[in-house]
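Read off the chains here:
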Amino acid sequence: MELTVLVFLPAFAGLLALLLPADRARYARWVALAGALAALGLSLALFFRFENGGGFQFADRASWIDAGAFEVQYFLAVDGLSLPLVVLTTFLTVAAVLVSFSIEHRQRAYFACLMVLSTSVLGVFTAMDFLLFFLFWELELFPMYLLISVWGSGRREYSAMKFVLYTVAGSAFMLVAILALALGAGTFDMAVLGQSGVESAVLPLRWVFLFLFIGFAVKLPIVPLHTWLPDAHGDAPTAVSVMLAGVLLKMGGYAIIRTCVTILPGEARDYGVWFAAIGAASVLYGAFVTFRQTDVKRLIAYSSVSHMGLVLLGIGALGTTAMVGAAYQMLAHGLITGLLFVVVGLMYERTHTREISRLGGLARQMPLLAAGLAFAGFASVGLPALAGFVAEVTIFLGAFQAYEWAVIMAIFGVVLSAGYILWTLQRVVFGPVRPEWAGAGDQRHWWEHASVAGLAALVILLGVYPDLIMDMLDPAIGAVSARVGS
Amino acid sequence: MDVPGVSEAVLWAIILCPLAAFTAIALYLRKLPKLAGWLSIAAITASFALALVALVDTLGADGRAATHTHDWFHAGPLQLSLGVRLDGLTAVMLVVVTSVALLVQVYSQGYMERDPGYGRYYAWMSLFITAMLGLVLADNLLMLFVFWELVGLSSYLLIGFWFHKPSAAAAAKKAFIVTRIGDLGLLAAMLLIWTRGGTLAIDEIHELVLTGALSGTTLTLFGLGLFAGAVGKSAQFPLHVWLPDAMEGPTPVSALIHAATMVAAGVYLMARFFPVLEASPDARETVAWIGAATVAVGAALALVQTDLKRVLAYSTISQLGYMMLALGVFGYAVAVFHLFTHAFFKALLFLGSGSVNHATNTFDMRRMGGLRTVMPLTFWTFLIGTLSLAGVFPLAGFWSKDEILLEAWHQNRALYAIAAVAAFATALYMFRAVFMTFFGTYKGGEPVDPSDEDSHFHGDPAHPHESGRVMTWPLLALAAGAVAAGWWAWGREFQHFVEGAVPADALHHAPAFSYGIAIASSLIAVAGIAAAWAIYQRRLVDSAEIRRTAYPLALLLERKFFLDDLYERAFAAGLFQRGWNRLVAAFDAFAVDGAVNGAGWLGMQSGRVLRHAQTGQVQLYGAALAAGAVVAAIIVLATGS
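Taken in order, these protein sequences are the chains called C and P.
Take the first sequence: its position 481, counting from 1, is numbered 481 in our numbering, and each next residue is one higher.
Take the second sequence: its position 493, counting from 1, is numbered 493 in our numbering, and each next residue is one higher.
Hints may be right or wrong, so weigh each one.
[Unchecked claim] According to the in silico footprint, chain C covers these stretches of chain P (three or more CB under 8 Å from chain C):
hint, stretch
1, 152-164
2, 187-194
3, 386-395
4, 584-594
[Stated by the list, open to error] Take a look, some chain P residues computed to stay more than 12 Å from chain C by CB distance:
hint, residue
5, Ile181
6, Leu200
7, Ala414
8, Ile546
[Claimed, not checked] Residues of chain P clear of chain C, computed beta-carbon distances all greater than 10 Å:
hint, residue
9, Asp62
10, His74
11, Gly76
12, Ala169
13, Ile177
14, Asp183
15, Gly444
16, Ala518
17, Ala554
18, Trp601
19, Gln605
20, Val630
Hints are computed from structural coordinates only; laboratory data are not their basis.
Virtual Cβ for every residue (Gly too), placed ideally from N, Cα, C.
Produce the complete structure using the sequences and hints provided.
Here it is, written out as structure tokens:
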């Protein structure tokens with residue numbers, strides 16, 4: 001029952017928020033916060049009760065559609081790969097609710113959307129029936145579309161529509177692949193599919209693999225399927241950027257490990273080299289384009305393309321070390337980029353601009369926010385003792401044996417990220433003060449302190465005590481890696 | 001075979017004391033700057049005392065290594081560890097770092113007194129000291145890399161300490177990025193040794209080299225990768241360009257980080273992996289020649305600087321080149337020895353320049369002069385540092401530099417020639433600085449700008465005065481080091497001690513002391529001093545005249561060999577940002593995103609056309625359905641499935 005409660009708790013809180021009477025609309029944020037905190041507490045309870053190396057746990061299973069030839073189940077469970085992502089999701093949901101405390105426009109609907117979004121992502125990370133997985137995957141589109149197009153800025157309707165169409169186009173491929181797999185194997189059960197392996201499907205397995213990959217690659221995103229991301233980030237409200245960068249992108253990386261590699265290990269062996277190549281290319285391409293961005297949020301979005309390339313590179317190496325590194329990179333990037341978007345969002349609330357050329361000298365006027373941006377920036381650069389370093393070094397050490405060339409390409413990203421991040425810091429927070437931001441004020445509300453400090457603390461924790469997560473990831477990914485045979 | 005028996009807790013405590021100070025200041029003491037300063041000094045004093053304990057203990061063990069290793073994290077077969085290693089080399093580094101840091105921290109109480117960022121200053125300095133101590137105590141390459149990056153971070157924060165100045169913000173960024181370019185090599189070396197050798201532990205890497213398990217191209221690539229990291233961190237040519245700009249930081253920072261300790265980390269790294277150089281002639285030759293090029297470039301550029309701190313910065317580059325050169329000619333112990341003595345006299349010179357700055361509000365030597373009489377303590381200590389750096393008997397710099405020249409003489413006469421000419425230039429540029437700063441008549445300094453709220457200058461530049469005791473006592477202590485530190489070499493004590501840190505088979509026999517070389521070095525130094533006296537004191541030759549006669553050369557030096565123009569303007573801003581990145585970004589916007597929008601547009605248009613098919617006539621739908629079925633059947637039959 002725990003997982004079912006956990007997955008639907010945010011949506012339930014969202015529903016309660018929506019049902020508040022109009023004159024109590026300002027309580028919506030408190031309802032959402034209570035729901036988010038309860039979900040976080042529950043996920044932490046599961047995290048500490050989880051038995052490392054014990055396979056799928058906390059399963060909730062019921063028959064849903066029994067069509068004779070195949071059966072669709074309601075089946076939720078977590079293993080060492082998905083549970084850290086579940087905790088990441090509940091944690092970032094709390095942060096997203098906190099940074100939304102200043103939202104004034106249609107609060108009830110806003111928090112309802114945000115909490116349903118959280119439920120859909122939790123569903124993706126816990127669903128172990130392929131059709132259920134697909135439903136949660138699609139469910140995420142509704143709140144995202146509304147959140148960007150109603151509470152966004154700039155070309156918000158264009159960006160929201162682009163996001164939806166891109167995902168749906170990828171999902172079409174994914175659905176074909178899911179049906180082909182399930183009809184061939186006679187089950188939608190991902191645990192069974194992952195255990196026994198698939199010998200045949202109604203389509204050639206290569207195609208199944210490729211179709212699944214296209215669906216997930218859009219989400220990751222990889223070059224050249226990435227251009228929806230800067231638009232969505234640029235125009236989304238802060239909390240949505242946090243969720244988008246923090247957990248939605250991770251659905252792609254998670255799904256590639258969970259399905260492409262686990263269910264189709266033979267194809268993964270054949271195409272691993274392409275993963276490595278696309279991953280390394282994304283690292284460099286994303287970094288080059290990042291250098292040209294003039295909008296802080298678009299800049300962070302492109303840097304995400306670069307950092308998520310490392311995830312694909314790590315997966316492509318297929319060894320336990322590299323794939324563990326890839327999973328760790330998803331967590332690290334989720335926290336670090338989440339923090340970047342929180343800080344930039346708070347700066348935007350004060351200056352109402354994201355144009356780098358209009359900012360500058362903020363270290364004097366907003367010392368706390370400037371420190372937050374510098375901290376998150378250095379975390380993004382992969383500074384040791386912070387989470388990103390652990391992930392990068394694990395991916396590099398793990399993948400070097402398999403793909404020396406790809407890793408050599410990717411480590412140039414280390415210099416490039418230092419370049420664009422430090423240049424951004426120089427232009428945004430350093431230099432002479434600008435009189436126009438004199439009264440803008442620093443980070444001051446408790447919810448702002450809480451979200452920044454909480455994320456920063458986790459970035460440090462994961463940077464100095466990686467085994468907290470590694471002990472969980474290692475057996476789960478070791479099993480996947482063993483199936484691929486490397 | 002004794003090893004140091006000092007408890008492991010002592011070694012960790014050396015790192016943790018300044019870390020505790022940093023944490024306490026960052027979290028709680030931002031509003032209590034005075035307390036932050038005292039806490040920071042108390043922490044470094046504790047580390048210094050413990051470092052002395054470690055030193056005495058290691059001396060008793062003839063410099064041999066004791067290591068203590070713990071698991072850090074794992075992923076699949078990868079197991080990474082954290083551990084401390086104490087041996088002769090580490091003990092020397094610990095003493096250098098903690099003693100200079102302690103004196104600099106005391107001095108800063110005076111130098112930074114009126115600065116609004118006083119508390120923040122002590123926080124970052126404590127962070128730096130933590131990282132630097134971790135770097136020299138690390139027993140494996142990963143942990144070394146971790147602290148290597150953290151010293152880079154603290155260097156960035158301290159160079160950019162006055163971040164409201166655009167030049168400081170730019171210099172901080174430049175320092176971090178340029179050193180990171182070198183770090184690529186260090187990272188690649190780490191990947192290579194892990195993949196081919198299966199270990200990152202220093203002991204085990206030495207073992208792999210000595211048994212020949214690691215040899216040939218792999219060994220050379222590993223050595224060159226390490227060296228790339230050292231080139232960045234230790235400001236070797238062609239990545240030396242960040243160090244002069246780093247003078248934007250407060251002067252005590254320059255003394256500690258950009259003269260005595262952090263910039264020596266690259267030398268430490270190569271000394272730490274000296275068996276690799278020993279076994280790979282290609283890597284060793286590269287180190288020797290890059291070192292020699294750095295010696296020459298640094299000395300040449302120091303000759304034309306008008307800013308006192310920049311003279312010292314280029315001098316530091318040149319001296320770091322000497323250390324690398326020494327490593328490249330088998331002079332492991334000599335390189336470490338020069339690192340040791342250099343730390344004292346160069347920190348002394350930097351702190352002296354800071355004292356001068358407090359009197360005159362400038363670092364421009366053309367606005368100084370005659371300070372000898374008003375600042376006697378600063379003058380005499382600066383003079384001692386200068387003589388030591390110039391290599392005058394019997395001061396510290398004489399012993400270490402002479403031995404480098406000796407090693408070079410025995411290995412390669414061309415390298416010796418470069419080092420000897422640069423030794424002449426060293427004496428020349430240092431005494432040029434001394435004469436311009438302390439002799440002649442006072443030119444008035446830099447007037448105080450009352451509108452500059454960030455200036456923490458107090459006093460009157462028109463009437464310079466000696467600095468307070470909190471600043472002059474550290475100068476005296478460092479002057480004692482600049483005189484006496486070289487005497488440790490007596491009876492080859494120092495050499496014996498640091499050689500305990502590397503496996504005995506890896507060592508090359510050092511050539512015996514040579515009176516010929518020693519006398520030649522001394523004459524070179526005296527000649528340099530005499531030349532400076534002739535040009536800048538007696539003005540027998542007009543320096544402007546020299547500049548006119550050798551104008552192309554002077555221009556080349558004044559424009560720093562055009563390297564900054566090449567790197568920053570031609571490459572970074574031009575080719576990279578306006579060329580390549582713009583191209584990729586345009587491709588992204590027009591080709592990649594254009595295709596997406598094009599597909600969307602196509603979808604809209606085809607919808608507009610196809611809606612005409614939605615006639616509502618069932619007959620038409622039926623016909624289309626039948627036609628489709630026929631096509632599908634043909635495809636199925638044709639593909640034979």
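Hint-by-hint comparison with the structure:
1. 152-164: Satisfied; 5 residues make the cut.
2. 187-194: Three-residue rule met by the stretch 187-194 of chain P, so holds; n is 6.
3. 386-395: violated (count 0)
4. 584-594: Per the Cβ count (5), the hint holds.
5. Ile181: About 6 Å separates P:Ile181 from the closest Cβ of chain C, which leaves it inside 12 Å; violated.
6. Leu200: 9 Å, violated
7. Ala414: 34 Å, holds
8. Ile546: About 39 Å separates P:Ile546 from the closest Cβ of chain C, which puts it past 12 Å; holds.
9. Asp62: P:Asp62 is indeed farther than 10 Å from all Cβ atoms of chain C, at 33 Å.
10. His74: Non-interface label on P:His74 violated, nearest chain C Cβ at 6 Å vs cutoff 10 Å.
11. Gly76: 3 Å, violated
12. Ala169: At roughly 4 Å from the nearest Cβ of chain C, P:Ala169 sits no farther out than 10 Å, so the non-interface label is violated.
13. Ile177: Answer for P:Ile177: violated, closest chain C Cβ roughly 5 Å.
14. Asp183: Nearest chain C Cβ is 7 Å from P:Asp183, so the label is violated.
15. Gly444: Holds, since 28 Å exceeds 10 Å.
16. Ala518: The assertion about P:Ala518 holds, with a minimum of 44 Å to chain C.
17. Ala554: 32 Å, holds
18. Trp601: For P:Trp601, whose nearest Cβ neighbour in chain C is about 12 Å away, the distance exceeds 10 Å, so it holds.
19. Gln605: 15 Å, holds
20. Val630: 22 Å, holds
The structure does not agree with the numbered hints 3, 5, 6, 10, 11, 12, 13, 14 stated previously, though it agrees with the rest.
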